[in-house]
Amino acid sequence: MTTTTTRAPAAEAGPAGRRRRRFAGNGLRIYTFLLIGWLLLPIAVMILFGFNDTHGKQNFRWEGFTLRWYAHLLDKEDLTTAVVNSLTIALLSTAITTVLGTLAGLALGRYRFRGKGATNLVLFMAISCPEIVMGASLLSMFVTFNLPRGYLTILVAHVMFSIAFVAVTVRARVVGLDPAVEEAAQDLGAGPFTRFRLVTLPMIMPGVLSGALLAFVLSVDDFVITNFTSGATVTFPLWIYGSTRTGTPPQVNVMGTLIFAVGVVIAVLSARRGLRRR
Amino acid sequence: MTAHEPPATPDPSGGPGAAGGRGAGRGRLAPYLLVLPSGLWLLAFFAVPMVLMASLSLQTGNLIDGFRQTFHWANYSDGFSTYGDKFARSLWYGLLATGACIVLAYPAAYWIAFRGGRNKSTYLFLLLLPYFVSFVLRTVSWKLVLTDNGPVLGPLRDHGLLPDGFHVLDTGWAVVSGLTYNFLPFMVLPIYVALERIDPRVVEAARDLYASRLQSFARVILPLSLPGVFAGVVMTYVPVSADYVNAEVLGGPRNTMIGNVIQSEYFDNSAYPVASALSFSLMAILLLGIFAYARTLGTQDVLEAARR
Amino acid sequence: MNDDHAAPPRGLPRPRRRDVLRMAGAAGAGLALAACGVEGRGGKEKVSSDDVREYWRGKARTGRLSWANWPGYMEDDRATLKAFEKANGVKVTYKEVIQESAPWFGKIQAPLAAGQSIGFDLMVMTNGIQLEKCRRLGYLAPLDHARLKNFAANAGPGFKNPSYDPGNAFTVPYVSGITGIAYNTRYVKEEITSIAQLFDRRYKGRVGMMSDSQELGNFGMFAVGADPEKSTPADWEKAAARLRRQRDDGIVRKYYTQDYIDAVSKGDVWLTMAWSGDAYSLAGPDVEFVVPKEGGTIWTDCMCIPKTAENPVDALALMDWLYDPANNAPLTEFINYITPVPATRPIIARDAAAATGSERKDLERLSSSPLVFPSAADLGRLRHYRSLTQDEEARYQKIFEPIAKGS
Numbered sequence: 001m002t003t004t005t006t007r008a009p010a011a012e013a014g015p016a017g018r019r020r021r022r023f024a025g026n027g028l029r030i031y032t033f034l035l036i037g038w039l040l041l042p043i044a045v046m047i048l049f050g051f052n053d054t055h056g057k058q059n060f061r062w063e064g065f066t067l068r069w070y071a072h073l074l075d076k077e078d079l080t081t082a083v084v085n086s087l088t089i090a091l092l093s094t095a096i097t098t099v100l101g102t103l104a105g106l107a108l109g110r111y112r113f114r115g116k117g118a119t120n121l122v123l124f125m126a127i128s129c130p131e132i133v134m135g136a137s138l139l140s141m142f143v144t145f146n147l148p149r150g151y152l153t154i155l156v157a158h159v160m161f162s163i164a165f166v167a168v169t170v171r172a173r174v175v176g177l178d179p180a181v182e183e184a185a186q187d188l189g190a191g192p193f194t195r196f197r198l199v200t201l202p203m204i205m206p207g208v209l210s211g212a213l214l215a216f217v218l219s220v221d222d223f224v225i226t227n228f229t230s231g232a233t234v235t236f237p238l239w240i241y242g243s244t245r246t247g248t249p250p251q252v253n254v255m256g257t258l259i260f261a262v263g264v265v266i267a268v269l270s271a272r273r274g275l276r277r278r
Numbered sequence: 001m002t003a004h005e006p007p008a009t010p011d012p013s014g015g016p017g018a019a020g021g022r023g024a025g026r027g028r029l030a031p032y033l034l035v036l037p038s039g040l041w042l043l044a045f046f047a048v049p050m051v052l053m054a055s056l057s058l059q060t061g062n063l064i065d066g067f068r069q070t071f072h073w074a075n076y077s078d079g080f081s082t083y084g085d086k087f088a089r090s091l092w093y094g095l096l097a098t099g100a101c102i103v104l105a106y107p108a109a110y111w112i113a114f115r116g117g118r119n120k121s122t123y124l125f126l127l128l129l130p131y132f133v134s135f136v137l138r139t140v141s142w143k144l145v146l147t148d149n150g151p152v153l154g155p156l157r158d159h160g161l162l163p164d165g166f167h168v169l170d171t172g173w174a175v176v177s178g179l180t181y182n183f184l185p186f187m188v189l190p191i192y193v194a195l196e197r198i199d200p201r202v203v204e205a206a207r208d209l210y211a212s213r214l215q216s217f218a219r220v221i222l223p224l225s226l227p228g229v230f231a232g233v234v235m236t237y238v239p240v241s242a243d244y245v246n247a248e249v250l251g252g253p254r255n256t257m258i259g260n261v262i263q264s265e266y267f268d269n270s271a272y273p274v275a276s277a278l279s280f281s282l283m284a285i286l287l288l289g290i291f292a293y294a295r296t297l298g299t300q301d302v303l304e305a306a307r308r
Numbered sequence: 001m002n003d004d005h006a007a008p009p010r011g012l013p014r015p016r017r018r019d020v021l022r023m024a025g026a027a028g029a030g031l032a033l034a035a036c037g038v039e040g041r042g043g044k045e046k047v048s049s050d051d052v053r054e055y056w057r058g059k060a061r062t063g064r065l066s067w068a069n070w071p072g073y074m075e076d077d078r079a080t081l082k083a084f085e086k087a088n089g090v091k092v093t094y095k096e097v098i099q100e101s102a103p104w105f106g107k108i109q110a111p112l113a114a115g116q117s118i119g120f121d122l123m124v125m126t127n128g129i130q131l132e133k134c135r136r137l138g139y140l141a142p143l144d145h146a147r148l149k150n151f152a153a154n155a156g157p158g159f160k161n162p163s164y165d166p167g168n169a170f171t172v173p174y175v176s177g178i179t180g181i182a183y184n185t186r187y188v189k190e191e192i193t194s195i196a197q198l199f200d201r202r203y204k205g206r207v208g209m210m211s212d213s214q215e216l217g218n219f220g221m222f223a224v225g226a227d228p229e230k231s232t233p234a235d236w237e238k239a240a241a242r243l244r245r246q247r248d249d250g251i252v253r254k255y256y257t258q259d260y261i262d263a264v265s266k267g268d269v270w271l272t273m274a275w276s277g278d279a280y281s282l283a284g285p286d287v288e289f290v291v292p293k294e295g296g297t298i299w300t301d302c303m304c305i306p307k308t309a310e311n312p313v314d315a316l317a318l319m320d321w322l323y324d325p326a327n328n329a330p331l332t333e334f335i336n337y338i339t340p341v342p343a344t345r346p347i348i349a350r351d352a353a354a355a356t357g358s359e360r361k362d363l364e365r366l367s368s369s370p371l372v373f374p375s376a377a378d379l380g381r382l383r384h385y386r387s388l389t390q391d392e393e394a395r396y397q398k399i400f401e402p403i404a405k406g407s
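Protein sequence lines correspond, in order, to chains A, B and C.
FYI, the numbering used here numbers position 237 of the first sequence as 237, with every residue one higher than the one before it.
FYI, the numbering used here numbers position 68 of the second sequence as 68, with every residue one higher than the one before it.
FYI, the numbering used here numbers position 189 of the third sequence as 189, with every residue one higher than the one before it.
Hints may be right or wrong, so weigh each one.
Listed next, the in silico EDC-like pairs over lysine to aspartate or glutamate satisfying Cα-Cα at most 16 Å (straight line) [stated by the list, open to error]: (1) 82(C) to 78(A); (2) 57(A) to 76(C); (3) 189(C) to 164(B); (4) 405(C) to 248(C); (5) 57(A) to 75(C); (6) 82(C) to 77(A); (7) 57(A) to 248(C); (8) 405(C) to 248(B).
Covered by chain B, per the in silico footprint, the following chain C stretches (three or more residues, Cβ under 8 Å) [stated by the list, open to error]: (9) 91 to 103; (10) 251 to 259; (11) 266 to 272.
To be clear, the hints were calculated from the coordinates, so they are not data collected in a lab.
All values reported here derive from a predicted model rather than from experimental measurement.
From the three backbone atoms N, C-alpha and C, an ideal C-beta is built for every residue, glycine too.
When you get a sec, could you build the whole thing from the sequences and use the hints?
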């Protein structure tokens with residue numbers, strides 16, 4: 001096999017080789033853009049049909065442009081309630097998860113302790129366990145203890161499945177830190193809490209923030225586990241799923257579009273800020 | 001061809017080499033206190049439910065008379081004999097979709113990592129853009145794209161380019177395409193990260209040693225990026241095989257996956273023991289598979305990367 | 001839209017289309033006319049007036065009410081609810097959380113068995129297996145008919161004392177509906193009149209069936225010439241074999257819950273099993289509904305109060321309020337199902353006379369529609385769900401349930 005190597009460069013160096021290379025490069029570029037196009041196609045369809053001037057209950061044939069659905073965004077009370085549920089659950093679970101996960105991440109990133117390996121394993125299990133199994137096991141527990149399902153059980157479940165993600169994100173940040181900075185603070189007489197507030201927290205903040213963002217996204221988007229733990233409480237993904245049976249109203253497209261837009265803006269802003277920091 | 005040189009790239013993974021309990025004289029309890037709240041939460045709502053599900057999976061009874069622990073192992077054997085084909089189909093669809101993800105993601109990740117130039121992050125961002133839309137909504141939109149008279153098949157049909165009964169929606173193809181669509185970023189990101197980490201000097205060195213482009217790819221870049229691919233497989237295969245939303249929304253009667261069975265045993269039939277046995281088996285199969293996979297590849301890298 | 005002029009009484013819903021409502025086929029005379037009769041199913045749970053008094057003692061109006069219902073069973077703007085809230089000073093929480101009977105039962109069973117609230121004071125359940133279970137297990141509040149004066153005065157004869165709930169001890173009907181065939185006229189170029197057409201190879205990959213085992217089983221039995229109401233396990237096996245063949249030949253595109261509406265409107269399936277009202281209130285403009293000549297099935301969605309309800313008196317008030325024809329008419333105008341209050345018919349006819357344009361046409365058709373106000377002869381062609389004992393039910397489910405699940 002190795003003998004062929006000697007011949008290769010000669011062929012490559014010629015104009016034909018360069019042309020081939022440029023062709024390959026362009027091919028890959030075109031391919032990447034096609035892939036992006038494919039991924040964006042359903043999103044474009046979703047956004048487009050939020051502007052569809054549809055009459056009746058079905059929204060799949062283009063009938064002209066309108067802003068009606070933006071004006072009547074909150075007309076569907078059930079839908080509004082579901083979106084509000086999704087957002088409040090996400091905020092609450094993010095708050096809880098961020099605190100818990102950050103503490104765990106700190107411990108795992110900084111200390112060596114008995115049971116660390118086991119903790120890491122549990123986190124790994126919690127991340128890689130199929131969602132349906134987590135949902136099913138929670139449901140099994142609620143059934144066994146006869147706990148009524150609803151808002152609270154959804155919240156508890158969302159915190160459960162996001163903790164590991166936050167802990168791991170923070171851990172990664174903590175591991176990369178220079179302990180000397182904290183030691184210096186200690187030498188200067190800072191107590192453990194001052195040290196944490198003024199030195200450690202600011203340093204791990206990027207990790208905490210991205211962990212929190214992740215937790216928020218996971219919660220807002222979750223369907224499977226929520227479906228198993230929801231009882232009669234409905235979140236945005238559950239509402240959409242239910243509405244597909246009889247025809248999804250354009251307001252869903254509008255809500256999806258708005259959430260999409262907000263997400264994109266936040267992502268762009270935080271990326272910009274990250275760049276400036278560096 | 002077999003052994004390639006160990007990569008010279010620094011690997012800043014937070015392995016056991018990282019600084020331990022430095023400056024922690026009095027703080028012996030500190031790590032335990034820090035881990036405790038999360039630990040308790042995971043214990044109560046992750047570990048305990050698993051144990052209860054394991055227990056429920058051996059019970060007999062029905063919703064109305066209640067369930068009783070009888071160590072009825074037949075729940076497992078019955079589950080497998082009745083739904084073995086669904087298990088097999090799930091693992092097969094998982095394989096197809098994961099494979100499709102690799103094939104689709106690799107070239108794009110490669111191009112962005114090596115040719116993306118200054119706009120790398122923009123391209124990556126564009127690839128991830130659809131995932132700002134909720135999973136369910138994305139699947140529903142994909143369904144709208146695939147409908148018989150939708151934006152893709154509609155015009156083709158109108159021009160008589162499709163055979164009479166042809167349809168994509170409600171077939172296995174639709175399900176696999178939906179799975180691929182929904183889980184692609186879990187493949188793109190780790191591959192991209194792995195490719196991005198490759199020191200360009202290593203590639204240059206290969207070229208200096210007269211390796212052709214193809215050879216330098218096959219012998220240098222590809223091996224170095226494999227951990228990314230492995231991590232991507234870990235991250236896509238499990239959720240893909242256990243998914244039921246895609247099969248429900250996009251599939252027909254012959255595309256039922258094991259997730260659908262579990263879902264309906266819980267919700268339609270309230271047959272909790274059988275449903276528990278099936279979920280437990282599913283988890284066992286997938287997690288054991290993943291651990292075996294990681295072990296065979298012999299890399300801590302796989303698990304380490306999967307955690308990110 | 002143009003609801004500024006015209007201004008129809010009591011906030012009529014937006015212009016919507018109700019095409020030819022018709023009962024297809026003329027024959028069907030062979031089937032007995034016992035559709036509305038009372039067949040002794042024997043209430044296992046006998047209710048005495050003491051039970052009723054016992055339950056309602058000390059319960060009072062709270063001014064709150066939480067109601068679980070199916071999608072498409074209330075105007076989009078919830079006009080009927082708002083009217084009720086205004087007239088009675090009750091704040092209603094209305095949720096479309098019921099999409100299938102079995103999962104709904106799975107959801108409410110545990111809290112009901114434990115004596116906990118399910119979060120709803122009023123729910124609408126179909127007269128099938130699950131309602132029977134609720135009744136038998138004592139999950140439902142016995143109704144106090146002293147406070148259901150409108151029901152006594154205005155419920156149609158077919159809706160009182162039904163076989164599935166003798167004496168309306170636990171339920172009063174919300175609406176009845178017919179399971180028949182909906183088809184998309186853009187793609188189906190012939191008249192659909194028969195269940196046999198659902199099994200026609202020409203429609204390979206274009207047929208939708210329902211996943212509910214009772215609905216699916218019924219149509220399988222029609223296909224093999226059996227009467228579902230009087231069927232035997234042998235008929236079930238035969239019907240199941242027929243349905244399986246239909247599936248394995250690739251004729252069935254998919255088994256649906258209520259999402260056949262979406263599929264038939266888009267034209268992914270061309271013809272499908274369907275519920276009568278949906279085709280008009282929910283589906284797209286090209287969709288037609290027919291009752292096949294073999295006969296469809298008629299079912300009743302019933303209002304009932306879970307025993308653990310927190311606001312049962314308000315729920316009872318709503319039940320009775322809906323049986324005032326003036327209150328029921330606007331609802332019927334929207335949902336297009338068979339109303340249990342026949343006296344709404346002249347009101348709808350009057351509304352039609354007062355309306356203009358397409359609105360008027362819609363209402364005129366509605367008031368004369370056999371799908372909303374069926375005649376005795378129409379009803380005679382329809383079959384009821386077969387009542388199943390607990391043992392029969394297990395056997396029935398075992399035969400029909402796997403079909404839709406693909407095994």
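Do the hints match the structure? See the list:
no., hint, verdict
1, 82(C) to 78(A), "15 Å, holds"
2, 57(A) to 76(C), "10 Å, holds"
3, 189(C) to 164(B), "15 Å, holds"
4, 405(C) to 248(C), "12 Å, holds"
5, 57(A) to 75(C), "12 Å, holds"
6, 82(C) to 77(A), "13 Å, holds"
7, 57(A) to 248(C), "33 Å, violated"
8, 405(C) to 248(B), "11 Å, holds"
9, 91 to 103, "holds (count 3)"
10, 251 to 259, "holds (count 4)"
11, 266 to 272, "holds (count 3)"
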